[in-house]
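Peer 1: So the chains spell out like this:
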Amino acid sequence: MTGHGVRTWWRRERVAILLLPVVLVAAVAASSSRIDTYWWQKGFHEQASRDATGVAMIDDEYDDGFLRYPIRAKVSVVTAQVVTELPDADRPLRVPAGAELWEVKLRWSADPDVSLTGCKVALVDDRERRFDATRSSFEAGTTVPLQACVPDEAPGPQPTYGSTKAPAVASGEVARPASWQTRVYIVTPEDAEPTAVRVWWLLPRYAELPLD
Amino acid sequence: MSRSQLGTGSLVVAALAVGQALNDRLPDSSDASRLFERPVAIGETVELRTGDLTPRSVEGATSILRSIGSSIRSPGLAVVVSFDFVSRQVSSSIRYGELRDGSGRVTVFGPSGDRNEVTCSGGPVGIVVHCTAVVEADPETLPGSVLGLAGDELDPRFDDMAVIDLDITAADVRAWQESEELEVDVYEVAGL
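Chains as they are written, first to last, in numbering that gives the first Met the number 0: chain P, 0 to 211; chain C, 0 to 191.
Chain C extracted, bound-state conformation (with noise of 0.2 Å):
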């Protein structure tokens, strides 16, 4: 073998190596990927990308009522997240959910589940609609449980996610397996 065959042979077999370890060392395409969170705490305000997103208040209940006339009755508990959304470029909606329980368990939805669902599509630019995020869970596991909100229900990739500390008590569950039909505004642009 002459000095140029080996020097050829160790280059390439450099270049192997230097593959293999950027292919060790960079995230896979599923963590690369991976939502932008962005916490925030109820009352405040956390900008997205495509808008200023301020989650208003936590309910819960056995029963709820929306106001489009459906109803749910939830052998568990009906969460019920509002939250003011305003788009900022162009009219955007809010259309991902993802309650992640204090189990662990994550439990995904979108605008147009049979029970639970996200409803906030995009009002004008630079307008205040009002939104709900409706999801049921085990009464149980809702203490310590965070609801992720974003975009695009359909490829969230990438994108900003509000991540929102419900800051759900053992107390409010009680409270709220003992409440009342709650009824719930489901959508509307403020002032509408």
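Same shape as in the complex, but just chain P (with noise of 0.2 Å):
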């Protein structure tokens, strides 16, 4: 090809050679779905905001294309230590080889109308090590609460799955305060330096709250 045919080429092609870099951008776009699915929607991406004094707030949505409900709450910790009792135990508090059992205060608030059920907590540590709150993790009896983010007597609004009507408060149930505290006990191996609390209900969306 001469040198003029060259010219002549790309003066053809100039629009189709323009168009080359927004048809890639809309190429890896339309096949970006699995990104959503299998990474975005797995993980811990969205944290939510936190004020200067440390309290968090917490914007979710709970939506099964059936069943929809807002998850609007404040947390922030109160405490977080090492505990070898837990309170009014009716029998001694067993851990596993080699752990030690964290009690973490959180102090919340919210609507009572809203329903926060199902919420999880976790404790991080420097490692990026998560440590699940669960009960059957050690031995304590009856005296360990069942909720980690509500008080068991007074839960507020529940949701009933498989159902489109709106959660509300069980029969016989007093209505949530519009604020409270809760205890969770989470077990962490001995040498685990935690430095935050981790709050959820569906991923991505979180709240982290970091330890002193």
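Accuracy of the hints is not assured; some may be wrong.
[Claimed, not checked] Here are the simulated SDA-like cross-link-like pairs (lysine to any residue), alpha carbons at most 25 Å apart as the crow flies: (1) P:119 / C:187; (2) P:41 / C:87; (3) P:41 / C:46; (4) P:41 / P:19.
[Said to hold, decoys possible] Here are some of the chain P residues that sit facing chain C, going by a computed Cβ distance under 7 Å: (5) 47; (6) 51; (7) 128; (8) 130; (9) 131; (10) 132; (11) 134; (12) 136; (13) 186.
Derived by calculation from the structure, the hints in this document are not laboratory data. Cβ coordinates follow ideal geometry from the N, Cα and C atoms, glycine included.
Using the hints, put the two standalone chains together into the complex.
Peer 2: Shown next as structure tokens:
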């Protein structure tokens, strides 16, 4: 091809060449649904904001395409410390070999009409290890609270899965107060140095509460 | 036909040939997605993606009684492999097992079988949990068997799998066939 021919080719194809980057971006975007489904939605990617006093504002939503309701609450850490016995324990505390038990006290506030069912709480350490709150990881009798994020005696509105009915307070239960505290117990290895408390309902949203 | 058309046609044919050559040489999807096998002997520790696994013992019997109450009476032999698992970053489980017996057969099992079962729910991170895998087999095929253990029974692809040399001899098989009922501690967190 002569020099004149090359110039003619560039002139003739200039629109197509300019569109190539656009087409490339469109092709990547069109094949990105799996990134959202298998990575973004599966991990801790949207951290809730915190104010200057360390209070995190959780703003999430349950939506299974059938039932939909908001999950909104404010949460902060009151204390987090290793304990060797539980208040009012009806049997001795037993933890796994090489482990210790952390008691995390959380302060909450939320609209009593908001359902806060199904939250999860964990400690994370400086090695990015996550220690989930699991009652079966230790033995302490019946004094361990059942719920990590709401009062056992007044958990507030409960959803009915498989129904479009809005979450409601169960008959015979009192309404949840506007603010309250919870106690959560978490087993870690003795060498763990937790740096934060993590709270979440549905990934990718979560709240991270640094420990002093 | 012009030179330009001839050139374009040649490029298309060349692209198709390169595509075909690549397709012939790349592994098919089942091969490419196979588990990463990590051989380990009894008493040694292998690092899997989700944690450290240590096979502790291999036993067998025609009848076993699980600590959760259920029992198995086998026309062949029930093989019990005890192992320890320590989750590394997040609480993880071992839910996939496959016995590759000496005759080349593969018996796949998960966490909730009627008879064959691997029981190893995720314990706290960094804490030892004692787990078991129970699988029935034809006694004659047991010498030369290996046991594979991995995380997810529904989709174990691309993940690590511990491959344990069970080191079962014909003498072991004969002894197990004549043994008493074997009591099995199915699962426990160390120290609880």
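Peer 1: Next, verify each hint and record whether it holds.
Peer 2: To see whether the hints hold, each was checked on the structure:
About 23 Å separates the Cα atoms of residue 119 of chain P and residue 187 of chain C, which keeps this hinted pair within 25 Å; it holds. This hinted pair checks out: residue 41 of chain P and residue 87 of chain C have alpha carbons roughly 18 Å apart, not beyond 25 Å. About 24 Å separates the Cα atoms of residue 41 of chain P and residue 46 of chain C, which keeps this hinted pair within 25 Å; it holds. For the given pair, residue 41 of chain P sits about 33 Å from residue 19 of chain P by alpha-carbon distance, which is inconsistent with the 25 Å threshold.
Checking residue 47 of chain P against chain C: minimum C-beta separation of about 20 Å lies over 7 Å; hint violated. For residue 51 of chain P, the interface hint is violated, since its Cβ never comes within 7 Å of a Cβ in chain C; the closest pair sits about 31 Å apart. The criterion of a C-beta within 7 Å of any C-beta in chain C is met by residue 128 of chain P, whose closest approach is roughly 5 Å, and the hint holds. Because the beta carbon of residue 130 of chain P sits about 5 Å from the nearest beta carbon in chain C, less than 7 Å, this interface hint is met.
Given the 7 Å rule on beta carbons, the hint for residue 131 of chain P holds: about 6 Å separates it from the nearest Cβ of chain C. About 10 Å separates the beta-carbon of residue 132 of chain P from the nearest beta-carbon of chain C, more than 7 Å, and the hint is not met. Violation of the interface hint for residue 134 of chain P is found here, the shortest Cβ-Cβ separation to chain C being roughly 12 Å, above the 7 Å cut-off. The restraint placing residue 136 of chain P at the interface with chain C holds, with a minimum CB-CB distance near 5 Å, inside the 7 Å limit.
Given hint, residue 186 of chain P at the interface with chain C, holds; its Cβ is 4 Å from that chain's nearest Cβ, closer than 7 Å.
Hint compliance for this structure: hints 4, 5, 6, 10, 11 are not met, and every other hint is.
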